[in-house]
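Asker: Those sequence lines, one after another, are chains Y and B.
The first sequence begins at 3 in our numbering and counts up by one.
The second sequence begins at 296 in our numbering and counts up by one.
No lab work stands behind these hints: they were computed from the structure.
Fair warning: there could be bad hints in the mix.
[To be verified] In silico SDA-like links for lysine to any residue, alpha-carbon gap of 25 Å or less: (1) B:387 with Y:59; (2) B:518 with B:568; (3) B:387 with B:423; (4) B:537 with Y:144; (5) B:518 with B:468; (6) B:475 with B:567; (7) B:506 with B:476; (8) B:537 with Y:437; (9) B:537 with Y:43; (10) B:537 with Y:75; (11) B:537 with Y:434; (12) B:537 with Y:59; (13) B:506 with Y:75; (14) B:518 with Y:434; (15) B:387 with Y:337; (16) B:387 with Y:75; (17) B:387 with Y:339; (18) B:537 with B:556; (19) B:640 with B:623; (20) B:518 with Y:334; (21) B:537 with Y:320; (22) B:518 with B:464; (23) B:511 with B:568; (24) B:387 with B:433; (25) B:518 with Y:152.
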Amino acid sequence: MLHPGRDHHRTRRSRLPAGSSALWVLAAGLPLAFLAVFFAWPVATLVARGFVADGALDLGGFADVFSRPRTWRILGLTLAQAGVATALAVVLGVPGAYVLFRCRFPGRGALRAFVSVPFVLPTVVVGVAFRAVLAEGGPLGALHLDGTFAAIVAALVFFNYTVVVRTVGGLWEHLDPRAEQAARALGASPVRAFVEVTLPALGPAIASAASLVFLFCSTAFGTVLVLGGLRYGTIETEIWVQTTQFLDLRAASVLSVVQLVVVAAALTLAARARRRQERALHLTATAGSAHPLRLGRGHGVDTAAAAVTALVLVGLALPLVTLVVRSLRTPTGWGLGNYVALGTTGDSTGGGSPLSVTVWDAALTSLRTATDATVIALVVGGLVALVVSRRPGARTARRTVSVLDALFMLPLGVSAVTVGFGFLLTLDRPLGLPVDLRTSGLLVPIAQAVVAVPLVVRTVLPVLRAIDPRLREAAATLGAGPGRVLRAVDLPIAARALGLAVGFAFAVSLGEFGATSFLARPDQPTLPVVVYRLIGRPGEQNYGMALAASVLLALLTAGIMALAERLRGSVRGGEL
Amino acid sequence: MARTTPRTRFAAGALTVLALAGCSTIGANDGSDGATGDATGAAGATVTLVTHDSFALSDGILAQFEEETGLTVKQVAPGDGGALVNQLVLTKENPLGDLVYGIDTTFASRAIDEGVLQPYSSGAPAAADAAQHAVPDDDEGLLTAIDLGDVCLNVDHAWFAERGVPEPVTLEDLTRPEYKDLLVVTNPATSSPGLAFLVGTAARFGSVQYKDYWAKLRDNGVKVAEGWSDAYYTDFSGADGKGPRPIVLSYASSPPSTVPEGADEPTTGALLETCTRQVEYAGVLAGAENVEGAQRLLDFLLSDAVQADIPGSMYMYPVSSAVDLPEEWERWAPLATDPAPIHPKDIEANRETWIAEWTEIVIG
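Produce the complete structure using the sequences and hints provided.
Answerer: Quick look at the structure:
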């Protein structure tokens with residue numbers, strides 16, 4: 003896209019009036035301030051602690067940590083796990099995106115909601131369900147996968163499949179099919195038309211999804227711990243052990259820097275891949291370009307994609323069905339007893355009860371917190387996406403924009419432990435305000451929003467970037483002010499992506515545990531916290547309740563994803 | 296193509312805003328946010344309790360305290376046992392709250408050595424019972440015992456009965472061929488019972504021979520799970536998961552929860568000669584804003600109301616001898632008479648070494 007000849011044009015086009023540049027600075031400033039206070043400052047403070055000994059800078063930790071063979075093994079394992087899982091998620095997810103967003107068939111909406119369920123399930127529950135499937139005597143016990151590298155990779159794909167399906171599908175759904183049809187009409191085979199026309203158009207979305215999945219996988223904590231233990235540790239699990247168990251901030255800080263380097267490298271690669279492929283696309287407003295799913299002879303593409311997707315769906319369903327089936331098992335036989343018990347505070351045969359509130363109360367707290375987190379994430383992430391979507395002419399401005407883009411991805415790449423511990427060190431009086439944010443209920447939605455912002459950016463941005471700048475110019479030429487251009491051009495197109503972003507942000511907040519667990523208020527536990535607490539107590543009833551509560555969490559998520567999709571449909575109103 | 300008019304769009308927007316306002320926590324007054332600057336001993340003040348993430352008392356118990364004292368209790372739980380103490384160490388210049396509850400034997404010395412606590416001798420009736428479990432060498436009275444439990448191996452009676460294999464009794468038994476591939480424990484680096492058990496083996500066998508013991512366990516097929524729930528529900532045969540292994544690392548208090556509906560005997564039992572004792576302590580934080588409130592809350596943790604609630608809500612044994620244990624616990628969950636003799640100072644001095652050595656031997 004950086005043809006020298008076109009650059010000149012672009013420079014001329016993108017010159018902004020003075021008033022609106024101030025607005026852009028403001029639009030970039032708010033998210034930056036948010037990121038600085040709730041991410042950069044806490045992380046930097048904690049990492050700095052590890053590098054300062056007796057008031058002097060001490061970088062000896064690097065030599066020390068890198069002289070341990072374990073460090074190298076862990077680094078290699080992290081890259082291998084994340085790399086393999088990302089590749090698999092993309093290879094399996096692209097056909098999934100095709101089937102679920104490009105084809106029409108009964109039950110499609112339900113399936114779309116279904117694939118997002120794993121993304122938010124508490125890892126401890128998935129770990130137990132996964133291991134129940136893989137362990138000796140389980141449905142797949144004969145494969146001897148329990149505790150292996152393959153099991154971890156499978157679990158990482160299980161959690162992240164939906165990220166690829168939705169991010170790629172979201173763009174694909176609105177891709178004008180005429181280009182591919184033209185290629186076909188000119189005699190290209192379906193495969194060739196796909197590879198040469200559609201795939202390049204999907205490139206930015208695939209790169210977006212892959213970088214997200216890589217970040218999620220390389221910083222996966224609970225999944226890796228439950229399924230692989232410290233044998234298959236990642237940098238993230240190692241940071242967790244060094245920080246929470248040993249308080250070895252020196253080692254933890256070195257590892258945090260290593261993780262940042264890995265993440266930054268991955269982001270740079272992804273950004274380069276995206277930039278190479280990014281171009282204005284012809285997007286259609288409706289999903290009307292989807293065709294009925296055709297199976298059988300003569301419809302090789304549909305059939306193959308449907309077969310792959312069906313196989314993946316079975317893989318996703320196995321642990322989930324195990325979960326549901328076991329949630330229906332009560333001490334007195336099969337039934338809904340565990341669900342009825344959600345209105346209680348757990349097994350109280352011993353006199354007391356393991357929860358201080360009922361599971362329903364916790365669900366309500368979760369919904370409330372997630373609402374706040376979603377609003378924050380949408381405002382911050384929406385502004386970032388808007389700013390980053392512009393391609394200013396000046397070289398420095400362009401560079402600033404791409405740095406800004408990468409900056410907001412970092413929260414996904416930094417350990418929740420580092421962020422959580424950093425919060426404790428910095429937020430006692432943030433910006434000199436007389437509020438101890440560390441013990442405030444406000445911090446939970448903020449921490450969740452920090453995690454959700456990158457998701458919002460990554461879902462909205464590919465769509466905004468694909469908008470043909472000529473549309474905005476046309477609007478401006480016709481006399482529309484910058485605000486009007488936003489409303490008339492960007493918003494209607496982005497609204498569809500925003501719907502998905504709302505769904506993702508809400509889902510991620512509902513299921514978030516890492517940051518929440520550092521800030522938890524025991525008197526106002528969220529649903530995942532309650533699940534952990536119940537599953538951490540012996541007693542068949544508590545276990546059953548934990549599973550039922552997980553199913554509730556899964557249903558809430560699926561419901562919210564489905565709702566977000568509906569909203570997306572109804573807000574549509576653009577001219578495209 | 297469906298189009299919305301400006302009016303319907305406005306209506307949808309307004310509805311969304313209303314819905315958000317109704318669902319928000321920021322909008323809702325939970326009664327305990329606000330600044331901590333108002334914390335004094337006076338009525339209407341706040342006392343902040345810092346606990347581990349499995350803290351819970353039954354509904355209404357803390358309300359009783361708030362009613363009696365006029366204090367508002369605010370809770371924060373920044374992590375599990377180890378993380379909790381480490382966070383207190385990191386924030387000691389500006390503590391997270393007034394009272395900490397949940398520091399256990401394995402991290403007690405660190406909390407004492409790092410100076411995150413201030414002395415307090417409770418005058419509550421149960422204080423004498425609590426004193427029996429005090430940290431040795433805690434001469435200043437920085438930590439007060441609130442409850443305790445034993446980490447022990449549990450066995451699935453039915454599994455052994457069906458196969459006619461005698462159940463193991465001691466730690467040494469587990470290295471014998473008849474118990475090959477039957478034991479699952481948890482990782483001491485990631486789970487608190489795992490750490491307690493490792494400490495117990497070091498205490499019983501000595502800090503050299505315990506390595507041989509673990510090498511033998513490894514050769515005899517010990518399985519390591521990362522967390523308690525994972526081991527208990529997936530690998531253990533005696534719990535809901537019906538896993539393959541009949542011996543699991545759990546607690547002395549676990550068996551009563553395996554009494555089947557309609558029966559009156561549990562299907563599992565604890566091996567009382569394999570236990571390590573964990574005591575959980577509370578202490579007033581150094582630099583607490585509301586010292587008096589913290590002291591009153593600590594007294595309350597020793598009151599009959601809380602002590603009697605502890606077995607059901609926290610799965611630990613009360614230190615108080617004045618309250619009754621639940622009947623099933625009386626019958627099926629006795630504490631060990633001879634738990635491993637461990638000293639918090641030894642643990643503090645050796646924790647990292649033991650975990651590193653253990654990892655090398657067992658995990659590789």
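Asker: Each hint needs a verdict: does it hold in this structure or not?
Answerer: To see whether the hints hold, each was checked on the structure:
1. B:387 with Y:59: holds (22 Å)
2. B:518 with B:568: holds (21 Å)
3. B:387 with B:423: The given pair, whose Cα atoms are some 29 Å apart, is violated under the 25 Å limit.
4. B:537 with Y:144: holds (17 Å)
5. B:518 with B:468: Answer holds: residue 518 of chain B to residue 468 of chain B is near 16 Å, not above 25 Å.
6. B:475 with B:567: Given pair residue 475 of chain B, residue 567 of chain B holds - Cα atoms ~21 Å apart, limit 25 Å.
7. B:506 with B:476: The hint holds at about 19 Å.
8. B:537 with Y:437: violated (50 Å)
9. B:537 with Y:43: violated (48 Å)
10. B:537 with Y:75: Violated, at roughly 34 Å.
11. B:537 with Y:434: violated (55 Å)
12. B:537 with Y:59: violated (54 Å)
13. B:506 with Y:75: With Cα atoms ~24 Å apart, residue 506 of chain B and residue 75 of chain Y stay inside 25 Å; holds.
14. B:518 with Y:434: Not OK: residue 518 of chain B and residue 434 of chain Y at ~51 Å, beyond 25 Å, violated.
15. B:387 with Y:337: Violated: residue 387 of chain B and residue 337 of chain Y sit about 50 Å apart, past 25 Å.
16. B:387 with Y:75: violated (35 Å)
17. B:387 with Y:339: Judged against 25 Å, a Cα distance of about 46 Å means the pair is violated.
18. B:537 with B:556: Given that 25 Å is the threshold and the Cα spacing comes to 17 Å, the pair holds.
19. B:640 with B:623: Answer violated: residue 640 of chain B to residue 623 of chain B is near 35 Å, above 25 Å.
20. B:518 with Y:334: violated (31 Å)
21. B:537 with Y:320: The hint holds at about 18 Å.
22. B:518 with B:464: holds (19 Å)
23. B:511 with B:568: holds (19 Å)
24. B:387 with B:433: holds (19 Å)
25. B:518 with Y:152: Holds - the C-alpha atoms of residue 152 of chain Y and residue 518 of chain B are around 19 Å apart, at most 25 Å.
Violation of the numbered hints given earlier is confined to hints 3, 8, 9, 10, 11, 12, 14, 15, 16, 17, 19, 20; the remaining hints are satisfied by the structure.
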